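Mind docking chain B on chain V? Use the hints.
Top line first, the protein sequences correspond to chains V and B. Position 529 of the first sequence, counted from 1, bears residue number 529 in the UniProt record's numbering, the numbering being contiguous throughout. Position 820 of the second sequence, counted from 1, bears residue number 820 in the UniProt record's numbering, the numbering being contiguous throughout.
Bear in mind the hints are in silico, worked out from the structure with no lab data behind them. It is possible that part of the hints are untrue.
Identical chains blur together in the list; that is why a pair holds if it fits in one copy or across any two.
[As the list claims (entries may be wrong)] Below are the SDA-like pairs computed for lysine to any residue, each with C-alpha atoms no more than 25 Å apart in a straight line:
1) LYS50 to THR724
2) LYS794 to LEU655
3) LYS720 to ASP232
4) LYS785 to GLY644
5) LYS716 to ASP228
6) LYS582 to VAL448
As the structure is a computational prediction, the values presented were derived from the model and not from experiment.
Number of protein chains: 2
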Amino acid sequence: MEKKYVYLFNEGDANMRNLLGGKGANLAEMSKLGMPVPNGFTITTEACNKYYEDDEVINDEIKAQIMEYLAKLEEETGKKFGDAENPLLVSVRSGARASMPGMMDTILNLGINDVVAETIAEKSGNPRFAYDSYRRFIQMFADVVKGLSKKRFEEIIDELKAERGIKDDLELTADDMKTLVERFKEFYRTGLGEDFPTDPKQQMMEAIEAVFRSWNNDRAIYYRRMNDIPGDWGTAVNVQMMVFGNMGEDCGTGVAFTRNPATGENKLYGEFLMNAQGEDVVAGVRTPKKIDQLKEVSPTAYDQFVDICSKLENHYKNMQDMEFTIENGKLFMLQTRNGKRTAQAALKIACDMVDEGLINTDEALMMVEPQQLDSLLHPMFDADALAAAEAVTSALPASPGAGSGQIVFSAEEAKEEAEKGKKVILVRLETSPEDIEGMAVSQGILTVRGGMTSHAAVVARGMGACCVSGAGDIEMHDDEGYFVIGDKKFNRGDWISIDGSTGNVYGEAIKTVPATISGDFERFMKWADDRRRLKIRTNADTPRDAAQAVAFGAEGIGLVRTEHMFFEGDKIKAIREMIVAKTDDQMKAALDKLEPMQQKDFEGIYEAMEGRPVTIRYLDPPLHEFVPTNPDDIKELAREMNIGEDELNQVISNLHEVNPMMGHRGSRLAVSNPGIAKMQTAAVIKAALNVNKAHPEWNIVPEIMLPLIGDLAELKYVKKIVTTTADEIIKEAGSDMKYHVGTMIEVPRAALLADEIAKEAEFFSFGTNDLTQLTFGFSRDDAGKFLPQYYSAKIYENDPFARLDQNGVGKLVEMAANLGRQTRPDIKLGVCGEHGGDPASIHFVDKMGLNYVSCSPYRVPIARLAAAQATIENEK
Amino acid sequence: MEKKYVYLFNEGDANMRNLLGGKGANLAEMSKLGMPVPNGFTITTEACNKYYEDDEVINDEIKAQIMEYLAKLEEETGKKFGDAENPLLVSVRSGARASMPGMMDTILNLGINDVVAETIAEKSGNPRFAYDSYRRFIQMFADVVKGLSKKRFEEIIDELKAERGIKDDLELTADDMKTLVERFKEFYRTGLGEDFPTDPKQQMMEAIEAVFRSWNNDRAIYYRRMNDIPGDWGTAVNVQMMVFGNMGEDCGTGVAFTRNPATGENKLYGEFLMNAQGEDVVAGVRTPKKIDQLKEVSPTAYDQFVDICSKLENHYKNMQDMEFTIENGKLFMLQTRNGKRTAQAALKIACDMVDEGLINTDEALMMVEPQQLDSLLHPMFDADALAAAEAVTSALPASPGAGSGQIVFSAEEAKEEAEKGKKVILVRLETSPEDIEGMAVSQGILTVRGGMTSHAAVVARGMGACCVSGAGDIEMHDDEGYFVIGDKKFNRGDWISIDGSTGNVYGEAIKTVPATISGDFERFMKWADDRRRLKIRTNADTPRDAAQAVAFGAEGIGLVRTEHMFFEGDKIKAIREMIVAKTDDQMKAALDKLEPMQQKDFEGIYEAMEGRPVTIRYLDPPLHEFVPTNPDDIKELAREMNIGEDELNQVISNLHEVNPMMGHRGSRLAVSNPGIAKMQTAAVIKAALNVNKAHPEWNIVPEIMLPLIGDLAELKYVKKIVTTTADEIIKEAGSDMKYHVGTMIEVPRAALLADEIAKEAEFFSFGTNDLTQLTFGFSRDDAGKFLPQYYSAKIYENDPFARLDQNGVGKLVEMAANLGRQTRPDIKLGVCGEHGGDPASIHFVDKMGLNYVSCSPYRVPIARLAAAQATIENEK
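Okay, chain V solo, but in the shape it has when bound (with noise of 0.2 Å):
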């Protein structure tokens, strides 16, 4: 049998979604239920997968299908394509699966030519209107299916505008408007070497594959990659006869939300303009009216839109975000889809609703977007202030919130200057660990290097401070105190403003609105808490960390990355000590120092915890981020350390590697340099020793995770390292503490042995971070460099250190996890890489059956989120 490519509003219903796209769905459902939508028919999201299979060529059998529903839609509205006496006009609309505002094609006003522009002048009496309408079909043609630009059109209309002396587009006449139409079909052949088409079936064909086009442009991509949206997913495309709300003063258009999406609050939301076109809504040329003036001017249609608005909502279930048309008195329902809120109405929507009986708290917790919590944990730009100001660059939105603040170019400026109480952004080429403390005390880290793995991304993450990273426009001059972005300049002490949830700067001091969590809040989690599976650890390396994941609801630490200390005090002295120490005493003396540092690390640490487990790693990064690169302060450190500056620099030359990411670290560190393992398994030990004294009821046992183990043989032995000295310690200190080891799971090599290295790996955790750079081979210090060619190509639509690759990567995992339980059942298993705080991550770990997610503490809450929803979704 033929398949079915084109369904008219009447044969679909909400649940044809993927087939339909949202819109279609919806169109065909409010069609169900009797309420009144304009007829039209729905080219299937398969007619597109189809058109891409193809090459981009609508093949004849679809056509045929697209020509025979026009034919039923004629028949169905009297009106025909092209006719003298009742033209149909019809738009021509996208509407993918999942709701992509703005990103696709639309065109209005299909149908009008010469013949038809004169019909509908006279019979509507109003030929301007006619006119106006046919000039903006010409103008939206071009510009949309013909890729001419829209400028010219713009100055076309100008310079009539200058001819006849006038400044408003009002005060243009029919026959002005017949003239643009001229100049616009003239215009558009010379611009594109043919006639503007005057058969509305070839207008229709040429606009239904602009549409399918438009689903590859690179805001469509874009799009999809920040919001997850499948490229084979495809779009259909609606065609539907139009309706005129700008045909006299009994017409008008609007839309409106059944509650108020920035609140929440339970109360019909919207704006409408009597005799008016969707776009000069959106222009602002005219201000709109609120909803409820409707009552005034068009009792009947306001009656029936409360009515089906009502109807809708306990329909969907969900707060409905409509467009609608007033053609002459008569109402029309062009849209309904769930309405975007923010978080904060999310939260006492979703509550709201569970108190009305509308739906169960299983639904509640689907209907909010885990990422939108984000924005309750952050300060954001108060929006006035946002609204007046204008961005000076984009870039990548690193780690949210906003932040505003005088500019500094180095960690110790920010310091500096942060101790006399002033503001500052640390703007930075590109941030490295010593720059810790200086991010610490800023509002904000811009960089002009790096993505959104870079070190900078996921420190700031970490510490909840607002991060935009990547700003490749930025011009640095740091030495000389300035960095210039296009033609301005901005000096040391200059204010500018970062959105890291957008990625914008802006050169000038916006005001900021603290982040505020609300009672719905607490109640919403509760429900999360109590249906997810999952348990939701943290990645924190310090106490202040630690206590803020558990203001956030983590539920232990999955990671501490003991290197993030080394950069404290004279913590960093002694790393360097132990680093050129040349004989064991030199070795054993730096680490010696370290010890007692370490241990008081890990005290904080467990207090702030409170008896939560709590994983440390051991030392994983190549030891060469501990020592400085420029010469100035190899000079210095070469006097502090009282050796030749010619034998420090050996020291660094030798460890300079070609492929540090492959490298000598992780374990490899514990193989060649023991001492390490036991300085720090002697700090892990007695710290926990201490803190169980003072707080038995605490019981601490303390997680020891071994970095990038490859074999087995390997583990054993830098797990003899720990076990010995562990044992040894418990045993002088006359106690019974237990303690576990286990070990990261991130190369490959460990996924494909993990029944062997489960032999003696108490629990895994899968390093996600490295086992994607691994899997693909892809440097995460320099797949930005190619990654954004990858994303226009097609070949990829996510960054995969942002989005567990569930093929490649996630294929690992699952046979990791199977092998790993083969050999112990009640291994425990978790992921500490960044996809442990990504939603669409979160869900492939629980369908795993994986125990926990670390992620950072301010990821925390969304985690507990999409852990819940993980749950609900995974049990269906």
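Here is chain B on its own, set in the frame of chain V:
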């Protein structure tokens, strides 16, 4: 039932080699055959493994069994440990499954104490012999079991000789020997703080433990790694009654081979000494006699020995290497094993034995070590000249063969001097692609840095040039025209010699002898070709290499690294123009220059291969490999390119990557820069069309291989560039030439998703170098720093870049092969990494059922034989 850890010689046989070790199994076999073997027992390899499992303790169960078997031995021999009448003396020797000559420890004369020495002195009537044996035992025991310095014992002897005013050991009297015994015991006491053990049982138990321990001494670990012997095999220990070749003139000892191990001649070959112990033969104090002469000295023993030799060779169907001792005219066999032999001898023996009807051709094929063939293909040092030379340093045997020449420090110098007819050795810190021409004209390459898979090593093996790499002892002052090893200075123009088969470097000219391939070789390789299932291809980048590989039996090219051609002549200039191109026109101009040059390259290769299949891989390395790094070269290039130095520096700095191995390379270059893939496609297709025109009978079908693919969409994208370009050219040429497009599998993700990739890939070639890097997370360039520690710690036994890691990487290969075949049952599968020339890896590849391996030209014969052996073994 209790496990049996000890076997009397008469309880075992040759099939129990895994349990009893080679020596033990063969002693048992000879016993069984009724040959005269001194009684003894073997402690199994399982006891050794148990010893390590128990943290290096011999447990009570094993101890008890040893004591039980000692009692049996005492009963069999009628002698007793420590007995004043008839004392039992034993040797304690290691014996692993595979022969590891000299790697582990041996103790002779065990059982002597003061009482026993006196008894022996009396019974033998030879007190000097008795006390000489005693002092030797103390010395050996102290060294092997207790690790006491051998040197001090030699000093004590020298001191006594000085006191006595004598020079020759032979002048030492029985009383002198007694004095030495006392002084040795005294030194033992002060050195170790304990008395020399007088209880023979204690002596034995400590000796056994020392042998177990010696399984893991550094040289044994190194030997195992070099010879591919697993560490978990363990060693057996043989405790055997001593017989003495040094008790008088009717005593003697010797070693012999059933055939000549140097030439293979079928004639008994060996040496003996009368009135001597084994170590005297080795020490070279007296000159041993030819084995024939034994006929005159001890005719009965000789006849018996000749008879035994013949029986043993017939029994083992292999040339035997035997040790014997004659005690008072009676012959004792102390060992037999398959004899080591030169490659030439190995081939002759294998062919002769087939002709003699002793073995069939399969057995002949299994008899020759594939690696050995290598020595037939390269020049070698003249054996006598080599014996007279002393190495100044030793490093990695990176590419086999021997070379002698005058020192040069740059590729240019090498070319200049070679043109003058001089022989040169190129000495470099490390080589880069720019050095290729200089390498080609040198007698050998010596590098300070880099491992077995460094650039120098890989390229040299490809060329068949000898190379020693990673000679870290060299202190390089190439700018000043010299280098230093220890206290020796070597100037430009000085003669040195390097042995790429051993890694030795000599500070002088040494005569070399050219490669010689005998008639046996052709005959033998024909058997291999008839037997093997795997096809053997070669990795070759030039017509010269290709022709060489064909001469060695290659059936095609599995890997043309197109980038290796880029450094010749004008090509590098055009490449650099492409890299610095700022506009599409500049880019096109550069590519237009390159295309005919590449086409000519490919035509040369197609012609050399005369219709054999050729797989051409597209540009793989990151572009920064093609730009200079030092300021002078950059300045020159800027001038050549006619661009600013700053601008060029900017281009170069933009190309910099943190982890280039995982960076912008492979097909990622084709995605960002389709012009390169188009140019290479045009060159391949036009070359094939041209050569097909001249040689229609060859019917070349180009095989285009895309590197570093990680996703189906990526492959599709790049393949489309290829097919669009290729189809157009083929159509224009009016040809119907076919071509294949396939992919490297070298990124773990490609292996995991091989079922998808196979939808578009017509063949897979496993790039096991990169696959190993990414699966382990080991940077090949950096792992050299920590891998040695992994060997010492017994975590890894082999360099995973030399020997395919079957557990981890192999699992991915197997998975990918299965998934690929699932989608495309007839998919062609091969390996083109370095492992393609490694026999153990070839064995694995054969087991996986892949179609071919591809290796460097000089490894083709090795691969042919290894593949035949794999077929034979895998059929079992």
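Looking at the structure, which of the earlier hints fail to hold? none
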